[in-house]
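Using the sequences provided together with the hints, build the complete structure.
These protein sequence lines map, in sequence, to chains A and B.
Position 270 of the first sequence, counted from 1, bears residue number 270 in the numbering used here, the numbering being contiguous throughout.
Position 68 of the second sequence, counted from 1, bears residue number 68 in the numbering used here, the numbering being contiguous throughout.
The hints are simulated quantities; they were obtained by calculation from the structure and are not laboratory data.
No experiment lies behind these values; they were computed from the predicted model shown.
Here a beta-carbon is modelled for each residue, glycine too, at the ideal position from N, C-alpha and C.
A hint or two may mislead.
Partial selection, computed: residues in chain A whose CB lies under 8 Å from chain B [unchecked claim]:
1) Leu630
2) Thr682
3) Asp690
Just a few of them, taken from the derived set where beta-carbon distance is under 7 Å, the chain B residues facing chain A [unchecked claim]:
4) Gly49
5) Asp58
6) Cys59
7) Ala61
8) Met111
9) Asp115
10) Leu149
11) Phe364
12) Leu368
13) Ile435
14) Trp438
15) Tyr444
16) Leu446
17) Pro463
Below, each chain spelled out in residue letters.
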Amino acid sequence: MKGQVHTAQRHDSALKHVTGQALYIDDIAEPPGTLHAALVLSPIASGRLRKLDLSPAASSPGVVAVFAAGDIPGLNNIASPGKQEPLFAEDKAEHAGQPVALVVAHSLDAARVAAERVKLDIEPTEAILDVQTALAKQAYVQAPSTILRGDPDAALKSAPHTLTAEFSVGGQEHFYLEGQIAFALPGEDGDLIVHSSTQHPTEVQHVCAQVLGCEYNRVTTMVRRLGGGFGGKESNASWVAAAAALAAAKTGRPVKLRLPREIDIIATGKRHGFDYRYTVGFDDEGRVLALDASLAADAGWSLDMTPGVVARALTHVDNAYWIPHVRAVGYSCRTNKQSNTAFRGFGGPQGVLVMEDALDRIARHLGRDANEIRALNFYGPAGDETPYGQKVDENHLARCWAEVKQLGEWERRRAEVDAFNKANPVLKRGLGLFPLKFGISFNIPHMNQAGALVHVYTDGSIRLNHGGTEMGQGLFIKVAQVVAEVFKVDIDRIRPSATSTAEVPNTSPTAASTGSDLNGWAAWEAANTIKRRMVAFAAEHFGVAPTDIEFADGNVRIAKPGSNQVMSFGEMAKLCYLGRVSLSSTGFYKTPKVHWDGATMRGHPFFYFSFGAAMAEVAIDTLTGESRVLRADLVQDCGASLNPAIDLGQIEGAFVQGQGWLTCEELWWDKQGRLRTIGPSTYKIPGSRDVPAVFNVKMLDNAPSREATIFRSKAVGEPPLLLATAVWTALKDAIAAVGDHKTAVRLDAPATPERVLAAIATLRR
Amino acid sequence: MRIKNTTITVIRMADRIRFVLNDQPVELDGLSPMTTLLDWLREHRGLRGTKEGCAEGDCGACTVVLERSDGQREAMNSCIALLGQIDGQAVRTVEGLHGPGGAPHAVQVAMAESDATQCGFCTPGFVMSAYAFAAGGEKAELDTIHDALAGNLCRCTGYRPIVDAMTKVAGLAVEPAPQVPARAGSASFDGSFHAPRSLAELLALRAKYPEVLLLAGATDLGLLASRSRKPPAAVIHVAHVPELTAVSETDKQVTIGAAASYARAMPALIANYPALKTYLARLGSRQIRTMGTLGGNIGTASPIGDMPPVLIALEARLKLTSARGSRELPLEDFFLDYRKTALAADEVIESITVPKLWSNEVFFCDKLSKRRDQDISTVAAGYRLKIRSGRVEDARIALGGMAATPKRALAVEAALKKDGFAAAIAAVESEFKPIDDWRGSAAYRLQAAKNLLRRLELRVSSPGQAVEVEAL
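Structure, rendered in structure tokens:
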């Protein structure tokens with residue numbers, strides 16, 4: 001039997017990817033009459049929109065129509081009900097890149113040319129362009145939120161040592177290789193099919209309907225695959241789809257809206273940059289006694305998913321460490337920049353940086369090895385409570401830590417690196433270790449649900465549909481493995497199909513690493529329902545007990561004393577059909593145990609934790625600030641991995657993406673608030689040479705999930721991204737070598753050559 | 001359809017663009033020669049395996065392979081290539097790769113079996129880069145593999161499995177290149193894309209249409225068509241003029257035709273100035289070096305072009321030619337101000353001549369950027385030094401990214417010769433006033449330029465000592 005769970009299986013589309021036959025939305029053959037759309041964006045970060053003259057665009061050759069806020073039949077709102085975020089700016093521009101209008105023309109070029117002709121009269125008003133200004137003005141998209149445990153003020157006062165520090169980390173452009181795109185096809189009675197490159201088909205459906213002023217049942221979202229998502233195609237994909245849907249509904253013609261790279265980067269939100277300030281109290285041994293931290297997120301101009309991102313940052317401030325007294329305050333700063341949104345890790349990567357910075361400083365202060373200090377502060381083996389009230393029942397920290405130090409040969413290489421640094425005045429090497437605890441589930445409990453739809457046909461072939469989207473992470477193959485396992489058939493018999501709101505409704509986004517956890521169980525439920533029906537029928541048909549029916553190796557065995565019978569799965573399916581058995585079923589799953597009170601910031605927001613550890617080695621040039629990651633050793637908890645080949649790809653890819661965030665990927669706005677790093681020529685994601693030359697990845701073996709996850713596997717999408725924190729720590733270690741490791745280092749991220757050189761300069765001053 | 005720009009009357013009859021696509025001859029009629037190859041493949045030919053990821057030649061999702069009649073395969077970016085440039089070439093796309101009996105090609109199989117695809121959008125581009133690499137017979141060495149992949153970005157995999165696939169396909173035997181019927185004479189497409197095949201014709205066109213842009217590899221101009229969607233009204237394509245594509249060498253100097261691609265010019269440059277090996281490997285990507293030219297890099301007069309600083313340091317001279325005749329100009333005198341040059345309206349850059357190093361001379365160069373590969377320089381520097389018993393006797397130094405033009409550092413040179421490195425470092429600040437931008441602040445550029453002179457001092461004083469992280 002091919003394709004069981006816990007075996008390495010290739011991505012189901014791999015051969016289509018390499019032959020160019022995998023269809024992305026822009027590759028779908030357009031019906032005759034298809035129109036192409038282009039956005040008109042505000043060039044001003046903050047201003048009053050006095051006049052919008054669409055006529056030069058409307059009269060431009062090839063143009064069919066131009067739409068602005070006033071043309072929207074439903075609500076000019078792309079947020080969920082109760083919140084307000086306009087699709088098109090009405091009376092004010094709130095960031096340079098905000099959509100103001102949409103031009104629809106017979107060709108893409110005609111649309112783009114016309115879009116540039118729209119006349120915008122915007123009177124500039126004062127813009128807030130950084131977090132510090134927003135904090136000073138108390139400009140927030142939501143009120144500050146706090147996680148509080150114990151009495152941090154008193155604990156800090158009585159602590160033998162305290163340290164206060166500040167640092168900041170930049171945002172990150174998703175840089176999915178396939179830009180945002182939606183293709184809307186009108187049908188009869190106002191029906192609309194929207195092909196969208198989205199992680200959240202249901203939200204696309206809802207936002208399109210909201211903008212069009214129609215019921216949800218008129219809009220069907222279709223998603224076969226995304227050319228990368230990383231969180232960037234949740235809320236952003238919805239408004240792109242809504243704009244295409246608006247144009248399709250108004251013109252009655254198919255409309256495609258594909259954002260060129262530059263427009264995509266200017267108009268869509270990114271990972272939140274954060275500014276941090278914290279005071280940590282500790283004893284002579286380096287045991288952390290209290291932490292008082294403020295985390296100020298750059299939300300950009302609108303609410304978007306900032307509440308969730310800030311909540312996850314706050315619930316990850318503790319990371320792997322027991323902190324008796326904690327205050328962590330999250331500020332959601334409103335700036336006149338892109339509306340920041342989900343990005344792999346969703347605030348978690350930003351949250352864990354606080355303690356990693358603090359522990360480095362504590363170690364320098366006490367003259368101790370930072371990694372002993374880290375281990376000293378780990379959560380205990382069982383039952384310690386996080387600052388937000390969830391117990392850490394399962395804990396692989398000590399194991400991951402020991403394994404990564406062994407994998408990376410910590411002792412030997414520490415000595416080697418120190419010796420190198422003594423001998424080299426110009427180049428310095430550094431080592432960093434990082435322990436990981438990452439909570440799995442949506443912070444919003446109701447989102448932790450999923451549906452699936454499985455059909456068994458009379459030839460035994462199986463069609464699988466579920467609410468999760470395939471964006472390269474291998475979700476389709478993993479869920480197919482689950483179904484193959486249930487029916488005990490070859491995975492080739494299972495045909496994963498495009499995600500569609502018409503097949504599985506009311507779905508959650510494929511996000512928060514939950515894709516296979518949720519959809520795997522939902523598909524299992526659907527398949528198992530059919531299997532139960534087949535078993536019941538077969539038992540009756542053959543006059544045996546249900547326990548005498550066994551599915552194995554693509555066959556069904558009927559154990560009958562004296563006359564055992566075997567038939568293929570297909571033959572059994574046919575038999576069931578003739579016996580009038582339903583061979584189609586939905587499946588539904590909701591994650592148990594999760595609850596969360598957003599007001600008190602307490603609860604049990606995560607079904608379980610994923611663990612890991614990383615060790616990184618870097619080299620820096622103290623003259624230029626250039627750096628290289630020389631080696632990385634990773635240990636990642638995947639539970640009992642559903643598919644080790646896919647999970648390995650997730651671990652490696654996430655790490656490199658995290659490395660990019662912390663090193664070379666820099667977003668740069670000019671003084672007018674215009675983003676100027678708007679393509680791969682100016683915004684630099686890692687290339688193949690940037691991957692550590694020695695890159696060892698180990699999945700924690702024999703560690704099935706303690707909770708009842710699907711086949712005891714664990715989520716893997718986001719956690720390994722945080723392992724790249726070891727690179728940042730290693731860079732600080734290398735820089736500290738300039739001052740003989742006596743002084744703690746402030747290193748803001750991304751650690752571009754310029755920032756590394758600046759950090760070195762502060763040590764030399 | 002795109003609105004056609006004003007055309008210029010030409011004497012010749014309009015020619016048709018002919019090329020070979022996936023072994024099939026193609027002849028185009030009624031299409032603007034300024035259409036990008038990618039748009040043509042996707043929108044006109046219906047071949048949608050090749051993707052647009054950035055439309056600026058940086059992500060590699062649009063990579064296709066040029067198949068030269070000599071059997072050489074070179075990866076290129078189809079997004080910024082204009083159809084007029086493809087005339088007389090053979091192109092292979094991901095749809096044109098097959099194994100025996102229509103099965104996937106070995107390169108495709110290796111990528112799939114290495115788990116080198118996730119979202120798959122970048123994959124066709126990687127496959128084509130891998131195909132060119134395999135066809136080139138190169139060894140499976142990491143440095144070479146990274147060089148071959150520098151023009152392709154992947155956001156999902158972390159590259160390790162792609163590198164594994166490259167290791168598997170290294171040196172793979174490939175089928176012979178298709179024969180391309182060579183175009184005998186000059187051509188003009190649509191009255192706007194002039195493709196002369198002799199210097200005399202080029203100069204006549206240049207004199208007749210002084211306002212028309214000269215097009216060499218389109219790695220810069222192509223962005224007008226791909227990203228800005230405003231292709232030039234007309235171009236004179238210089239890449240088929242023999243005098244402009246020749247690479248020659250005497251015992252005293254190396255001469256590179258202004259329109260010779262980097263790929264063609266590199267062997268002679270690297271053989272004579274070994275420090276350029278790494279430097280040129282970091283200039284663009286293979287895709288860019290297939291098309292890009294020294295003449296283009298100089299002619300665009302960008303203050304952050306990679307080649308001018310090193311060529312100025314090497315004392316390069318330009319041969320500027322017009323129907324009136326030719327003149328020579330030191331490269332450092334070519335750049336007048338931001339994007340302003342000494343090129344007369346009827347002139348072309350015919351070639352660049354670089355004197356060889358004397359035995360007592362050394363040449364070094366540096367480039368600082370946020371990413372090691374395929375990035376534009378924050379600061380670039382070239383140094384040609386004459387060293388006698390450990391002392392710098394003579395120096396030519398030029399810097400890029402430090403002023404409105406690539407600039408020779410005369411005061412730095414003088415200070416270095418007179419008072420040594422400390423004085424030279426001090427002179428940087430008085431001689432250069434760089435700007436702040438997304439690549440780096442003025443303060444960083446200044447500090448880095450000064451520190452690069454410290455690095456240079458270490459190279460001179462302690463040869464053999466590792467002074468760059470890349471050496472580790």
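Which of the listed hints are broken here? 11, 13, 16, 17
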